[in-house]
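Engineer: Turn these sequences into a full structure, and let the hints steer you where they fit.
Each chain, written out:
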Amino acid sequence: MTYVLRRVGFYLFTAWAAITINFFLPRAIPGDPVQSLISRARGQLDAEAVQSLYILFGLDTDQGILSQYWDYWGQLLRGDLGLSFTFFPTPVIDVIADSLPWTLALVGITTVISFLLGTGLGVLAGWWRGSWVDIVMPVTTFLSSIPYFWLGLIAITLLADQGGPFPSSGGFDPGVVPSWDLDFIGSAIYHSLLPAITILVTSMSGWVLSMRNMMLTVAAEDYITVAHAKGLSERRVMVSYAARNALLPNVSSFALALGLIVGGTLLVEIVFSYPGVGFQLFAAVGAKDYPLIQGIFLVITLSVLVANLVADLVYLLLDPRTRKEG
Amino acid sequence: MTREPVLDIRGLSVDYGLGDAAVRAVRDVSLTLHRGEVLGLAGESGSGKSTLAYGMLRLLPPPGVIRGGQVTYHPRDGEPIELLSLPRKRLRKFRWAEVAIVFQGAMNSLNPVHTVATQLTDVIAAHEPRTSSAARRARAVELLNLVGINADRLGSYPHQLSGGMRQRVMIAMALALEPKVVVMDEPTTALDVVMQRQILATLVELRERIGFSVLFITHDLSLLVEFSDRIAIMYGGRIVESAPAAELYRTSLHPYSDGLLHSFPALRGPRRELTGIPGSPPDLRAMPAGCAFHPRCPRAFDPCADRAPELAPPAGREDSGRDVACWLHTAERVTP
Amino acid sequence: MAVPTDVLSAPVEESPAKPRRRRSSFLRNGKAVSGLVIIGFLLVLAVIGPWIAPYDPGQRGDDLLVGPNAAHWFGTTHLGQDVFSQILDGTRSVMLVGLVAGLVATVLAIVFGVTSGYFGGTGGETLSAVSNVFLVIPALPLILIITLSLPETNDLTIALVIGLTSWAWGARVLRAQTLSLRRRDYVEAARATGESTWRIIGFEILPNLTAVIAASFVSTVIFAVLSEITLAFIGVPGVSEWNWGAILFWAQSQQALAQGAWWWFVPTGLAIALLGTGLALLNFGIDEYVNPRLRGGPQQVRGVKMRVGFTPVLPAAKESR
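Listed in order, the protein sequences are those of chains A, B and C.
If you count by numbering that gives the first Met the number 0, then the first sequence holds residues 0 to 325, one letter each, in order.
If you count by numbering that gives the first Met the number 0, then the second sequence holds residues 0 to 335, one letter each, in order.
If you count by numbering that gives the first Met the number 0, then the third sequence holds residues 0 to 320, one letter each, in order.
Honestly, I wouldn't trust all of these hints.
In the EDC-like style, the derived pairs of lysine to aspartate or glutamate whose C-alpha atoms are separated by at most 16 Å in a straight line are [claimed, not checked]:
(1) Lys92/B to Glu233/A
(2) Lys179/B to Glu3/B
(3) Lys287/A to Glu151/C
(4) Lys30/C to Glu233/A
(5) Lys92/B to Glu81/B
(6) Lys88/B to Glu127/B
(7) Lys92/B to Glu127/B
(8) Lys179/B to Glu36/B
(9) Lys179/B to Glu97/B
(10) Lys179/B to Asp301/B
(11) Lys88/B to Glu233/A
It is worth saying that the hints were derived from the structure and are not from the lab.
Structural biologist: Shown next, in the form of structure tokens:
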């Protein structure tokens, strides 16, 4: 229990830090874009919207910094992330809510598959070292140094453009209307294949390498010799004794790796024009849509924190040494 | 105790590494363990005693390689089995069922993510797949009781056990399939003196009850003198002396054994002067010419630096049941 | 992006005495050497690139979007600019940002990691908590919003921002190593004899951390290079004109793909992959040097398979001595 409480406490602290960073940053931006937008749209904005933008960007210079901070928190807790500049006057939270599910689906599924496959392959590569499996090493090294998005570009050129089998962009066929029917879902899945494969190929290699190295380290432990001396089957020693232990550092680093995975997925979305949060961010950067950029940062960070917490709980299940009595 | 051999090692050599980089850790060792006997194997670190024990079951991790020799196991009924030429599947079945090892009960010898129950029962499941899980669990409880651990410890993880308890779990685990030979690799080294006594008492009791043969490996000769029937002493990868325990204690023939025996004080009996052995154990990669011990030997003379002596019964006492590898005791010796 | 392996596989050193320097065995490691060669080559290019480029990278020409030929080895852009020259010119920016960011991050990692590991207590715990915060917040979005908030940016400021946000990894590893080293006998002995803290850290602890620091530096450079290229690709202002990411940005925005102009982005990507592979190889070399269990390839000599669990049995060999 203490373990869980400590982790939750840590994540709350980190969330607070992220939110605070988010609060202070816009105050470093030269105030022009915000001011001009507000004055331009004065007629269309209601008083609350103007007020929320003021608070978001700290233009309310009557108030001291602390009360601004307080108001900012109030805003956040009400789910108000400001109004987007590019989709004016749509609230940021709505823009994100539209694109988030796409990203979650893509990232969620590919990350899990990549972790499982990569770890499995790594177990074999480590256990059967000295056999043909070793060919895996230089291949994965090379693959893991390729930036996601570049592989995506190649994939599009080779497999999508000019009549290739895969669609080159978008989340679904332009002609299909988004709804929960087979047509749409089928189209969505079809469009997500190429981005997913791109992510899988590059991210899997990282897991293979680290799992393989951990297996080599664990194979030298005494309890592996004991397992062999006990006459246990090869499979049991490899899985129950070696892999089960080698997995632990990987699980705890999975949480850390999420931050990187997020970065990579963002890029893939850009390359494939996939309508997720990353693509949204790209457009926002181009248009200097600060509220949207900040809103996306917060949402991404908080999602990563939640995912981290889940990974920590999984670790708790796997490693009995973290469980304290009572 | 009979004179019938149960485990017979002939001319075993073990290297670490291959080709030019190979280091010979066990040199042409011959040793016999008799049925019901406790054979002690003593020596400093690097003498090759553990290498010998693991090598005979092919348990040495890379880069260990077995180079020559035979290890023959004599079951009570049936043909003798040549361990080094067993195919892997049969060796796997043989391990633990006939010959088990009590490893040092350090934190690392038990799988940290499995409970005690799992580690006791999985070996039963591997060798006797038709037993029900209830039967396996019952056996696990039985084993824990044998070593004096409460059955409610079945659900504990290794990090929740004290050092003494872990060692006893290792012993219980070794006895799971009722092996005929138990190899004990420094079972008490990591424990305090009080715990050592308790463990040894447990071992003695178990041996009396179940009746297995023991190969007891340790650097602590004083333990062996008490506990074993015969003692073999290793130095630089070779056996340099082997004798019944009491006789060795009374009169040791090899100067190294002599040095070892005089390194610990006797609690009872006449007072003896404590001396050590000057120098340090040889570097296996650069062994001295001739007898490996001669640079440190207080009684070295001419032939010692030229040729390594063979392990043989001492001159004049051919049927004493003792063996020694020293020029001082060979028939063709030159008077010093 | 790939999960760097050094954090996971770097073991806590188990030697009882001070480890001796084994520099020669490091240089004998094939991976380390190939990595160094690749990076050395790119460093040279970084320095002399703009001078040996056949064309001025920004110079427009008449041959618009032409594939590779004798005049333009990597073809031209939509404005007739020579892609090869652009890549050469951009090398400097890429390497500069990567190395500066790596340096900044490594220095911070040493400061935070070693201090929190050596001093322990609440101070150490707090420093550790701070580094964990930076570790968990996703780096790219953070770098992005910081860079966008700054009034003006250039290569150096971007390098600083990357460095200031990516030190947490190295700090974690160094903290773990320092914690273990602190309990070693020779450190305890130094403390007992009253050696000053800074001398202990400087002479007893830091020298034993060199390999880990090197691995951490290389990992950070990998991360920094990929990050800056990403930033340039997204269109963040301030990155040097012909940074490889910027080249790709133009390629993307001009729909190079749709027009079949593969030469615009394929060589650029290959250059990135080359740098990445070189750094990764170097990292593996360091990894294997630090963790001997990873060393020495398949250990197969004359068909003898060394496997855990079954020691091979070979016929008796002649004794070597």
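Engineer: None of the hints should be skipped; say for each whether it holds.
Structural biologist: The hints, checked one at a time:
1. Lys92/B to Glu233/A: holds, 12 Å
2. Lys179/B to Glu3/B: holds, 13 Å
3. Lys287/A to Glu151/C: holds, 14 Å
4. Lys30/C to Glu233/A: violated, 31 Å
5. Lys92/B to Glu81/B: Holds, at roughly 14 Å.
6. Lys88/B to Glu127/B: Since the Cα atoms of Lys88/B and Glu127/B sit roughly 15 Å apart, the hinted pair holds (cutoff 16 Å).
7. Lys92/B to Glu127/B: holds, 10 Å
8. Lys179/B to Glu36/B: Between Lys179/B and Glu36/B the Cα gap is close to 11 Å, so the pair holds against 16 Å.
9. Lys179/B to Glu97/B: With a Cα-Cα distance of about 5 Å, the restraint between Lys179/B and Glu97/B holds, given a limit of 16 Å.
10. Lys179/B to Asp301/B: The hint is violated at about 45 Å.
11. Lys88/B to Glu233/A: holds, 10 Å
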